[in-house]
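Asker: Residue numbers (the working numbering), protein chains in the order written: chain E, 138 to 392; chain R, 138 to 392; chain V, 138 to 392; chain W, 138 to 392.
What the hints contain is simulated information worked out from the structure, not anything from laboratory work. These figures come from a predicted structure and were not determined experimentally. Glycine included, C-beta positions come from ideal geometry on N, C-alpha and C. Keep in mind that a hint or two might mislead.
FRET-style restraints, in silico, Cβ to Cβ [as the list claims (entries may be wrong)]:
#: 1; chain 1: W; residue 1: Leu224; chain 2: R; residue 2: Thr214; range: 38 to 46 Å
#: 2; chain 1: V; residue 1: Asp232; chain 2: W; residue 2: Glu312; range: 16 to 24 Å
#: 3; chain 1: W; residue 1: Arg220; chain 2: R; residue 2: Leu224; range: 40 to 48 Å
#: 4; chain 1: W; residue 1: Glu262; chain 2: R; residue 2: Lys378; range: 29 to 37 Å
#: 5; chain 1: R; residue 1: Pro377; chain 2: W; residue 2: Glu312; range: 55 to 63 Å
Below, simulated EDC-like cross-link-like pairs (lysine to aspartate or glutamate); rule was C-alpha separation at most 16 Å, straight line [what the hints assert, rightly or not]:
#: 6; chain 1: W; residue 1: Lys378; chain 2: V; residue 2: Asp216
#: 7; chain 1: E; residue 1: Lys379; chain 2: R; residue 2: Glu349
#: 8; chain 1: E; residue 1: Lys378; chain 2: R; residue 2: Glu167
#: 9; chain 1: V; residue 1: Lys378; chain 2: W; residue 2: Asp232
#: 10; chain 1: E; residue 1: Lys254; chain 2: E; residue 2: Glu227
#: 11; chain 1: R; residue 1: Lys378; chain 2: E; residue 2: Glu349
Protein chains: 4
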Amino acid sequence: TDPLQIAGKTYGSRLIVGTGKYRDFEQTAEAVAASGAEIVTVAVRRVNVSDPGQPMLTDYLDPKSITYLPNTAGCFTADDALRTLRLAREAGGWDLVKLEVLGDKATLYPDMRETLKAAEVLISEGFKVMVYTSDDPLFARELNDMGCVAIMPLGAPIGSGLGIQNPVNIRLIVEQSTVPVLVDAGVGTASDAAIAMELGCDGVLMNTAIAEAKDPVRMARAMKHAVEAGRHAYLAGRMPKKRYADPSSPLAGLI
Amino acid sequence: TDPLQIAGKTYGSRLIVGTGKYRDFEQTAEAVAASGAEIVTVAVRRVNVSDPGQPMLTDYLDPKSITYLPNTAGCFTADDALRTLRLAREAGGWDLVKLEVLGDKATLYPDMRETLKAAEVLISEGFKVMVYTSDDPLFARELNDMGCVAIMPLGAPIGSGLGIQNPVNIRLIVEQSTVPVLVDAGVGTASDAAIAMELGCDGVLMNTAIAEAKDPVRMARAMKHAVEAGRHAYLAGRMPKKRYADPSSPLAGLI
Amino acid sequence: TDPLQIAGKTYGSRLIVGTGKYRDFEQTAEAVAASGAEIVTVAVRRVNVSDPGQPMLTDYLDPKSITYLPNTAGCFTADDALRTLRLAREAGGWDLVKLEVLGDKATLYPDMRETLKAAEVLISEGFKVMVYTSDDPLFARELNDMGCVAIMPLGAPIGSGLGIQNPVNIRLIVEQSTVPVLVDAGVGTASDAAIAMELGCDGVLMNTAIAEAKDPVRMARAMKHAVEAGRHAYLAGRMPKKRYADPSSPLAGLI
Amino acid sequence: TDPLQIAGKTYGSRLIVGTGKYRDFEQTAEAVAASGAEIVTVAVRRVNVSDPGQPMLTDYLDPKSITYLPNTAGCFTADDALRTLRLAREAGGWDLVKLEVLGDKATLYPDMRETLKAAEVLISEGFKVMVYTSDDPLFARELNDMGCVAIMPLGAPIGSGLGIQNPVNIRLIVEQSTVPVLVDAGVGTASDAAIAMELGCDGVLMNTAIAEAKDPVRMARAMKHAVEAGRHAYLAGRMPKKRYADPSSPLAGLI
Numbered sequence: 138t139d140p141l142q143i144a145g146k147t148y149g150s151r152l153i154v155g156t157g158k159y160r161d162f163e164q165t166a167e168a169v170a171a172s173g174a175e176i177v178t179v180a181v182r183r184v185n186v187s188d189p190g191q192p193m194l195t196d197y198l199d200p201k202s203i204t205y206l207p208n209t210a211g212c213f214t215a216d217d218a219l220r221t222l223r224l225a226r227e228a229g230g231w232d233l234v235k236l237e238v239l240g241d242k243a244t245l246y247p248d249m250r251e252t253l254k255a256a257e258v259l260i261s262e263g264f265k266v267m268v269y270t271s272d273d274p275l276f277a278r279e280l281n282d283m284g285c286v287a288i289m290p291l292g293a294p295i296g297s298g299l300g301i302q303n304p305v306n307i308r309l310i311v312e313q314s315t316v317p318v319l320v321d322a323g324v325g326t327a328s329d330a331a332i333a334m335e336l337g338c339d340g341v342l343m344n345t346a347i348a349e350a351k352d353p354v355r356m357a358r359a360m361k362h363a364v365e366a367g368r369h370a371y372l373a374g375r376m377p378k379k380r381y382a383d384p385s386s387p388l389a390g391l392i
Numbered sequence: 138t139d140p141l142q143i144a145g146k147t148y149g150s151r152l153i154v155g156t157g158k159y160r161d162f163e164q165t166a167e168a169v170a171a172s173g174a175e176i177v178t179v180a181v182r183r184v185n186v187s188d189p190g191q192p193m194l195t196d197y198l199d200p201k202s203i204t205y206l207p208n209t210a211g212c213f214t215a216d217d218a219l220r221t222l223r224l225a226r227e228a229g230g231w232d233l234v235k236l237e238v239l240g241d242k243a244t245l246y247p248d249m250r251e252t253l254k255a256a257e258v259l260i261s262e263g264f265k266v267m268v269y270t271s272d273d274p275l276f277a278r279e280l281n282d283m284g285c286v287a288i289m290p291l292g293a294p295i296g297s298g299l300g301i302q303n304p305v306n307i308r309l310i311v312e313q314s315t316v317p318v319l320v321d322a323g324v325g326t327a328s329d330a331a332i333a334m335e336l337g338c339d340g341v342l343m344n345t346a347i348a349e350a351k352d353p354v355r356m357a358r359a360m361k362h363a364v365e366a367g368r369h370a371y372l373a374g375r376m377p378k379k380r381y382a383d384p385s386s387p388l389a390g391l392i
Numbered sequence: 138t139d140p141l142q143i144a145g146k147t148y149g150s151r152l153i154v155g156t157g158k159y160r161d162f163e164q165t166a167e168a169v170a171a172s173g174a175e176i177v178t179v180a181v182r183r184v185n186v187s188d189p190g191q192p193m194l195t196d197y198l199d200p201k202s203i204t205y206l207p208n209t210a211g212c213f214t215a216d217d218a219l220r221t222l223r224l225a226r227e228a229g230g231w232d233l234v235k236l237e238v239l240g241d242k243a244t245l246y247p248d249m250r251e252t253l254k255a256a257e258v259l260i261s262e263g264f265k266v267m268v269y270t271s272d273d274p275l276f277a278r279e280l281n282d283m284g285c286v287a288i289m290p291l292g293a294p295i296g297s298g299l300g301i302q303n304p305v306n307i308r309l310i311v312e313q314s315t316v317p318v319l320v321d322a323g324v325g326t327a328s329d330a331a332i333a334m335e336l337g338c339d340g341v342l343m344n345t346a347i348a349e350a351k352d353p354v355r356m357a358r359a360m361k362h363a364v365e366a367g368r369h370a371y372l373a374g375r376m377p378k379k380r381y382a383d384p385s386s387p388l389a390g391l392i
Numbered sequence: 138t139d140p141l142q143i144a145g146k147t148y149g150s151r152l153i154v155g156t157g158k159y160r161d162f163e164q165t166a167e168a169v170a171a172s173g174a175e176i177v178t179v180a181v182r183r184v185n186v187s188d189p190g191q192p193m194l195t196d197y198l199d200p201k202s203i204t205y206l207p208n209t210a211g212c213f214t215a216d217d218a219l220r221t222l223r224l225a226r227e228a229g230g231w232d233l234v235k236l237e238v239l240g241d242k243a244t245l246y247p248d249m250r251e252t253l254k255a256a257e258v259l260i261s262e263g264f265k266v267m268v269y270t271s272d273d274p275l276f277a278r279e280l281n282d283m284g285c286v287a288i289m290p291l292g293a294p295i296g297s298g299l300g301i302q303n304p305v306n307i308r309l310i311v312e313q314s315t316v317p318v319l320v321d322a323g324v325g326t327a328s329d330a331a332i333a334m335e336l337g338c339d340g341v342l343m344n345t346a347i348a349e350a351k352d353p354v355r356m357a358r359a360m361k362h363a364v365e366a367g368r369h370a371y372l373a374g375r376m377p378k379k380r381y382a383d384p385s386s387p388l389a390g391l392i
């Protein structure tokens, strides 16, 4: 057993999935089940979790067995994010939250100064903050030292499916962090998730890669296996790369 | 259920593992079990499967539940390979075999002409030939058309752990083949195996990546998940890669 | 003719080189000459440009024909950087400067907040600021909008020679900038410099790749050609990538 | 001075260019001039070099200053290639030839057995054979040992512009060869050519990358610089790749 611990709570799965972009709540629930995720992120501003006159996500994903992680998708200022999460806490009692303060509509990259500002306030108000961040190791360290409960660097632009662009930065963040590091954004297919875990990340968060696959439920299953594969490979310690069978060759070390 | 079919027989696992380079037969057996493999390759010339005075692999891996696939590791001519496999058939009754005729001691790349020659004779003698080949799609097609029961292109030099060097060639081979294609050689870690499957391969064969990991049994488990991850991802149909969230940008299509 | 224009001045070469890490000033001068660079960066705190009792760089590189670009290498705060550049302006009259405010001794990544702070003050004091930045497009845009005369994102950690890690970010910065973009840091060999230029960068700055090559002077010549090669290729408009000769194949678009 | 020597003759340029796919002979000549190439390949079956009633390539590219290298583009058997080159020798006296025997219309990959057969005959008839080959190091070695005067492995499918797919194989071929190795096919832009040279190749041959660029003449100039850049970088000996400035970090060696 090799559980993921976030803010003192233990989870069997290292995969966190989003709940947006699915055909309907039924497909969402099926995909979440196939993924094995125990935490789902919910865009508080977009997903109905309180109006009983409309279909409610909570009817499909039982909040007693699945941890709801409210996020601030669509917030472009610290104030906006704060308002959103305070509201979520009032409505649902959630204090484990995912903070994202966006700075750019095209790439959905975070505004790091607003992110830091919001994180500081949230922590002071007793929130447990999992934070979406750029892959700049300096800001990631600051968020770690400030008391965030998970550091969530982007692997590539949200919704791009490009895979991890800068493994050096992700690895630097892993090495310096004292709380879990989860790659958030950029994963496109199973091997991308495995690579994130092989770099030593503690988990992966994704939405589009599953929801926009041709068969989302099967892709969710793929991702479940991919995260386990990458985690085991990281812990197992991979073989060294050799250039070819004969290490005495001058090629060794060149390419 | 999505079984692998080779020469009319059906297998639940798409991972084939070697039996060399382990500490002892106990570790071999543990790793094979963790990998979920139903087929293991055995270097007929190196592994004791017949001398009851010595420890025998068959005492650790039951040939009734695990398919033994005799291979010709160490053979550098067609004649040598033929001799080896005829002997194996006499000794163990095996006719499903893995042919490899090496052409180079440093890289362990195949000698393609000797490989073609040996494959032809073996097929004429009733063997079911799974064949190790370079990633040249022309030779792979010839081996397919000749009646080999599985095409096994190398992803990188045997024992190198470099991962698939030429995905274009692997994909070309997948597209043209009418029998299963399994990447054989070159996988170093879990994501490499996932990538092979995402290219549409029907399976993966590996030995060093597991046996030379720091914790071989855990790496075997990683590989089991990786192959399933990659297979599901392939069948699920991955999301398209986007450049970033706004597809109208001039970057789209450039990088 | 396709000159580089920075702060209203025109340069024939798009390669800027550092002056550190060479064996001696003679080698520095030879390498600069071979590189064709018309701008050299000088670490004001490290290089002797004023004590006539010691060997002086100005005796080897004539400041009349080569533009000296004082930099703030080794400064870890905005104040430190400001002090250094004010001193440089007093000493040498230089107002075209390269600002770098480091945030981390291991990676030499910039401290973006201190960088922004220092840039703002410098611009208000009449400096023309070429600025070393992370590859975060949001900060790069801010520096552009603030009035910096060149944006210089890192391709990889200073002195790493890893080549451009995140071409998507570099390209995003190129697209949004109204002043020249020069990749600063990370280039290891000629093709890395060509790739930077093919992404649309206006120039490249490097030091270690030349100074720590076995033959620095020849590598300087390599870099001169590489920057021109990449620039011409960018302007020429490369052929589209095809999957293989027959575009009707199902592989097209898959890999 | 670092000339390329092929079959006893010395060339100042390491770039060989094709003459197909241009708008007209004028553009061909302009591009060749810009490339600095001293050798051009000519598809004997396609290009008019003998009918004085039609425009002739020789009117645009003077065979006295440019070496014509007849090739067997479009030949799918050894016999076909032999016929073509014998005819070329009769017509133009050329005995330095480029042999390519194709095996596949989609990828234009070589048929290696027919290639070997044709090479053997041509050498016995006194031709000096520069030979297009797959990147299989075993066949490349055989062609080298047989007496070919240059080994020309493909980097990627002809006309694909994908860049070198398998640098390990190219490097293996460079290490084992006693005659010049030139990457033939697959280059798409300047950095691809630089990479080929940085691997230690003696030269590069290309056609589509130049002819199908938006501005072929400028791309020719880019390629001239790229080949020189890569050559100088190879001879200069690049700096070692570091993980980041502080080599004591645990990241060193991991990524």
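Asker: All hints, please: hold or fail.
Answerer: The hints, checked one at a time:
no.	hint	in the structure
1	W:Leu224 <-> R:Thr214: 38 to 46 Å	holds (39 Å)
2	V:Asp232 <-> W:Glu312: 16 to 24 Å	violated (52 Å)
3	W:Arg220 <-> R:Leu224: 40 to 48 Å	holds (47 Å)
4	W:Glu262 <-> R:Lys378: 29 to 37 Å	violated (51 Å)
5	R:Pro377 <-> W:Glu312: 55 to 63 Å	violated (40 Å)
6	W:Lys378 <-> V:Asp216	violated (33 Å)
7	E:Lys379 <-> R:Glu349	holds (12 Å)
8	E:Lys378 <-> R:Glu167	violated (24 Å)
9	V:Lys378 <-> W:Asp232	violated (34 Å)
10	E:Lys254 <-> E:Glu227	violated (21 Å)
11	R:Lys378 <-> E:Glu349	holds (11 Å)
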